[in-house]
Amino acid sequence: DTEVTQTPKHLVMGMTNKKSLKCEQHMGHRAMYWYKQKAKKPPELMFVYSYEKLSINESVPSRFSPECPNSSLLNLHLHALQPEDSALYLCASSQDGGLSFYGYTFGSGTRLTVV
Amino acid sequence: GQQVMQIPQYQHVQEGEDFTTYCNSSTTLSNIQWYKQRPGGHPVFLIQLVKSGEVKKQKRLTFQFGEAKKNSSLHITATQTTDVGTYFCAGLSGGSNYKLTFGKGTLLTVNP
Chain A
803 DTEVTQTPKH LVMGMTNKKS LKCEQHMGHR AMYWYKQKAK KPPELMFVYS YEKLSINESV
863 PSRFSPECPN SSLLNLHLHA LQPEDSALYL CASSQDGGLS FYGYTFGSGT RLTVV
Chain B
0 GQQVMQIPQY QHVQEGEDFT TYCNSSTTLS NIQWYKQRPG GHPVFLIQLV KSGEVKKQKR
60 LTFQFGEAKK NSSLHITATQ TTDVGTYFCA GLSGGSNYKL TFGKGTLLTV NP
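Protein chains in written order, with my numbering: chain A, 803 to 917; chain B, 0 to 111.
Any given hint could be a false lead.
[Said to hold, decoys possible] Pair by pair, the computed Cβ-Cβ distance ranges are:
(1) B:Ser51 x A:Thr915: 40 to 46 angstroms
(2) B:Ile6 x A:Arg913: 24 to 30 angstroms
(3) B:Gly94 x A:Arg913: 29 to 35 angstroms
(4) B:Lys55 x A:Arg832: 21 to 27 angstroms
(5) B:Ser25 x A:Gln897: 39 to 45 angstroms
(6) B:Glu66 x A:Thr807: 36 to 42 angstroms
(7) A:Ser857 x B:Gly52: 27 to 33 angstroms
(8) B:Glu66 x A:Leu856: 35 to 41 angstroms
[As the list claims (entries may be wrong)] Straight-line alpha carbon distances no greater than 25 angstroms define the calculated DMTMM-like cross-link-like pairs of lysine to aspartate or glutamate that follow:
(9) B:Lys50 x A:Asp898
(10) B:Lys98 x A:Glu860
(11) A:Lys843 x B:Asp82
(12) B:Lys103 x A:Glu846
(13) A:Lys820 x A:Asp887
(14) A:Lys840 x A:Asp803
(15) B:Lys35 x A:Glu869
(16) B:Lys103 x A:Asp887
(17) B:Lys35 x B:Asp82
(18) B:Lys35 x A:Glu805
Keep in mind that the hints were calculated from the coordinates and are not lab data.
The structure displayed is predicted, hence computed values, not measured ones.
Don't be surprised by glycine CBs; every beta carbon is placed ideally from N, CA and C.
Chain B on its own, in the form it takes in the complex (with noise of 0.2 angstroms):
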């Protein structure tokens, strides 16, 4: 079954640090959904890829779909204490538009 791999695991920065976590799947995507989930709490949804070498901006989180439609990553510019938590990727998979993968999630830490 389809298998999306996401490194880091874990990233501890200082304030200010720039972050990058990437996914890649071993097989082609349908689309990739990026969420956070913060310490104790549940996954938000943060933004939906579907167009290969698609490229999306929110404030200071910069998210990338690949050519191939394998791999994506999520860029944190001059990252914040807010930004803790974990960041996961998620891709349909199974041919089903309803199986929801998730990564394995990369877990951020920020040094104040």
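Looking at chain A on its own, in the form it has when it is part of the complex (with noise of 0.2 angstroms):
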């Protein structure tokens, strides 16, 4: 398995909303990522979580609330998002950091719309 699963590929939802991303790979790499991504934009790192532990927080707002419950999973949970966070958020996985010789395999995202 050489892919990285995001679910749901869409997802709309009220400000006053939460909600949860998923994120799921199976290829034994130990470092995880959230990226979000606007139209036109490249992707921008928010989260890494490396073994299983958060390592980087781009300082993210708090209504974005990552979670790694084992080294396969990832999760992004939402709450009380704001319209300008209406975008694509990438989850993407590495062998072992950013100099990995196969280099970051991303999920194919999740399409978000805040209303």
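Hey, can you piece these two chains together into the complex? The hints should help.
Below, the structure is given as structure tokens:
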């Protein structure tokens, strides 16, 4: 299995809703990432988990809460989002950080719309 | 913090023409990675360059890493319509092994 699976593919949520994005990989990768991508922009790093521990939080607002239940799963809990948070949320994984010979494997993303 | 600048922002070519995108970093890079994102898709890893002056080829794609490890380029020979997409370079930043920073990308469109 050489894929990163993200669910749901599309999500529309109100500003008072609570929702979660899910990401799963079975490649034995020990680093997992959340990126946010706005239209016509590059992916922006949000969080990094290394060996199931949060190692980087790029000053992301607390309305985004990451969780890594085990080495294969990564969640992003969403609460009280703003319309400007609408974007494509990408999960990625790598064998062990950014020097991995095989680079990062990205999931197909969750396209989030906040209304 | 580290910035990875990428030019051009857009490039439109006729099928069969060559294409090049360039990346420049304000600091020395540990490595540089290249990704391709098709319209409506997600980034897909193409290659990683690590050594100073390194050149790697993948069929019609040639990747170069500068001698000072501050710049890189991707050259596509004889473009095809399947080459359409945004090409991103990305480098590690902040002394972290995990903080991959992407350039702004070059959107390539190919006229058949």
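- Task: Sort out whether Asp887 (chain A) lies within 25 angstroms of Lys820 (chain A), counting only the CA atoms.
- Result: holds (14 angstroms)
- Do the Cβ positions of Ser857 (chain A) and Gly52 (chain B) conform to the proposed distance bound of 27 to 33 angstroms? holds (32 angstroms)
- If you draw a straight line from the CA of Lys843 (chain A) to the CA of Asp82 (chain B), is it 25 angstroms or shorter? holds (19 angstroms)
- Task: Measure nothing beyond the straight line between the CA atoms of Lys98 (chain B) and Glu860 (chain A); if it is 25 angstroms or shorter, mark the hint as holding.
- Result: holds (9 angstroms)
- Item | Given hint Glu805 (chain A) paired with Lys35 (chain B) - CA-CA distance at most 25 angstroms | holds (16 angstroms)
- Given a hinted range of 35 to 41 angstroms, is it respected by the beta-carbon distance of Glu66 (chain B) and Leu856 (chain A)? Holds: the Cβ-Cβ distance is about 37 angstroms, inside 35 to 41 angstroms.
- Message: Between the beta carbons of Glu66 (chain B) and Thr807 (chain A), is the distance compatible with 36 to 42 angstroms?
- Response: 41 angstroms Cβ-Cβ, so the 36 to 42 angstroms window holds.
- Going straight from one Cα to the other, do Lys50 (chain B) and Asp898 (chain A) come out at no more than 25 angstroms? Answer holds: Lys50 (chain B) to Asp898 (chain A) is near 19 angstroms, not above 25 angstroms.
- Query: If you check the beta carbons of Ile6 (chain B) and Arg913 (chain A), does the distance land in 24 to 30 angstroms?
  - Reply: holds (28 angstroms)
- Message: Tell me if the beta carbons of Ser25 (chain B) and Gln897 (chain A) are separated by a distance inside 39 to 45 angstroms.
- Response: violated (28 angstroms)
- Lys840 (chain A) paired with Asp803 (chain A) [C-alpha distance capped at 25 angstroms]: violated (28 angstroms)
- Query: Given the hint that Lys103 (chain B) pairs with Asp887 (chain A), does the C-alpha gap stay at or below 25 angstroms?
  - Reply: holds (19 angstroms)
The structure shown violates the earlier hints numbered 5, 14, 15.
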